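J.: Here the working numbering is used: the first residue of the sequence shown is 1, the next is one more, and so on.
Bear in mind the hints are in silico, worked out from the structure with no lab data behind them. Just so we're clear, the structure is a prediction, and the values are computed from it rather than from any experiment. Each residue gets a CB set at the ideal place from its N, CA and C atoms; glycine is no exception. Just so you know, not all the hints are guaranteed correct.
For each label pair, taking beta carbons as the anchor points, the in silico distance ranges come out as [stated by the list, open to error]:
hint : residue 1 : residue 2 : range
1    : 127       : 78        : 20 to 26 Å
2    : 100       : 33        : 27 to 33 Å
3    : 131       : 63        : 19 to 25 Å
4    : 145       : 20        : 32 to 38 Å
5    : 9         : 66        : 32 to 38 Å
Calculated pairs, DSS-like style, for lysine-lysine (alpha carbon to alpha carbon, straight line, at most 25 Å) [stated by the list, open to error]:
hint : residue 1 : residue 2
6    : 141       : 11
7    : 77        : 141
8    : 123       : 28
9    : 11        : 91
10   : 77        : 54
11   : 77        : 123
12   : 54        : 123
13   : 118       : 28
14   : 99        : 28
15   : 51        : 99
16   : 28        : 54
17   : 11        : 54
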Amino acid sequence: MKSFLLNRNNKPIVLWGLIPQGTFFEGKIPEDYRLAVAPSSNMIVIDVDVKDNKNGFNHIPEPLLIELNNTFNYQTKSGGRHYWLVYTGDKTLLNRATKYGIDLRIGHKGNNCGGYVKYYHDKDIRECIHLINDSSSQLNKWIETLFT
Numbered sequence: 001m002k003s004f005l006l007n008r009n010n011k012p013i014v015l016w017g018l019i020p021q022g023t024f025f026e027g028k029i030p031e032d033y034r035l036a037v038a039p040s041s042n043m044i045v046i047d048v049d050v051k052d053n054k055n056g057f058n059h060i061p062e063p064l065l066i067e068l069n070n071t072f073n074y075q076t077k078s079g080g081r082h083y084w085l086v087y088t089g090d091k092t093l094l095n096r097a098t099k100y101g102i103d104l105r106i107g108h109k110g111n112n113c114g115g116y117v118k119y120y121h122d123k124d125i126r127e128c129i130h131l132i133n134d135s136s137s138q139l140n141k142w143i144e145t146l147f148t
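Using the sequences and the accompanying hints, generate a full structural model.
T.: Structure, rendered in structure tokens:
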């Protein structure tokens, strides 16, 4: 896991793929900048959007939404949510967006530098790792249908 700054155009201010795992931005975030966090290893972030005539929540089965609400998550600026999980499945997931308003950001593995999300929570991500739950087999199947 690592964190870094995004400029006012939501672009990383450094080549973020070259930032070593375990490196975190420290201090006050400057005005007009945002904090981004990239998950590591088997951590994933399900990014549910509510914008541009899309509502990703409409495409999440209720039992799975209950599970997602029990892991570490926070509201995004657009009214969506970022759900952090430890993926327990065995499929190779793709770091990508879907037409449903549900995107996946995966951790760094091999040559894939993974993805990142804007971090809107008020606590340092390192203080929240213990709140990130493992994904269930039911949730894994749903994730795999969207992102493999």
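J.: If a hint holds in the structure, say so; if it doesn't, say that too.
T.: Verification of the supplied hints:
no., hint, result
1, 127 with 78: 20 to 26 Å, "holds, 25 Å"
2, 100 with 33: 27 to 33 Å, "holds, 30 Å"
3, 131 with 63: 19 to 25 Å, "holds, 20 Å"
4, 145 with 20: 32 to 38 Å, "holds, 34 Å"
5, 9 with 66: 32 to 38 Å, "holds, 37 Å"
6, 141 with 11, "violated, 32 Å"
7, 77 with 141, "violated, 28 Å"
8, 123 with 28, "holds, 12 Å"
9, 11 with 91, "violated, 30 Å"
10, 77 with 54, "holds, 15 Å"
11, 77 with 123, "holds, 16 Å"
12, 54 with 123, "violated, 29 Å"
13, 118 with 28, "holds, 16 Å"
14, 99 with 28, "violated, 35 Å"
15, 51 with 99, "holds, 12 Å"
16, 28 with 54, "violated, 33 Å"
17, 11 with 54, "holds, 23 Å"
In this structure, the earlier hints numbered 6, 7, 9, 12, 14, 16 are contradicted, and the remaining ones agree with it.
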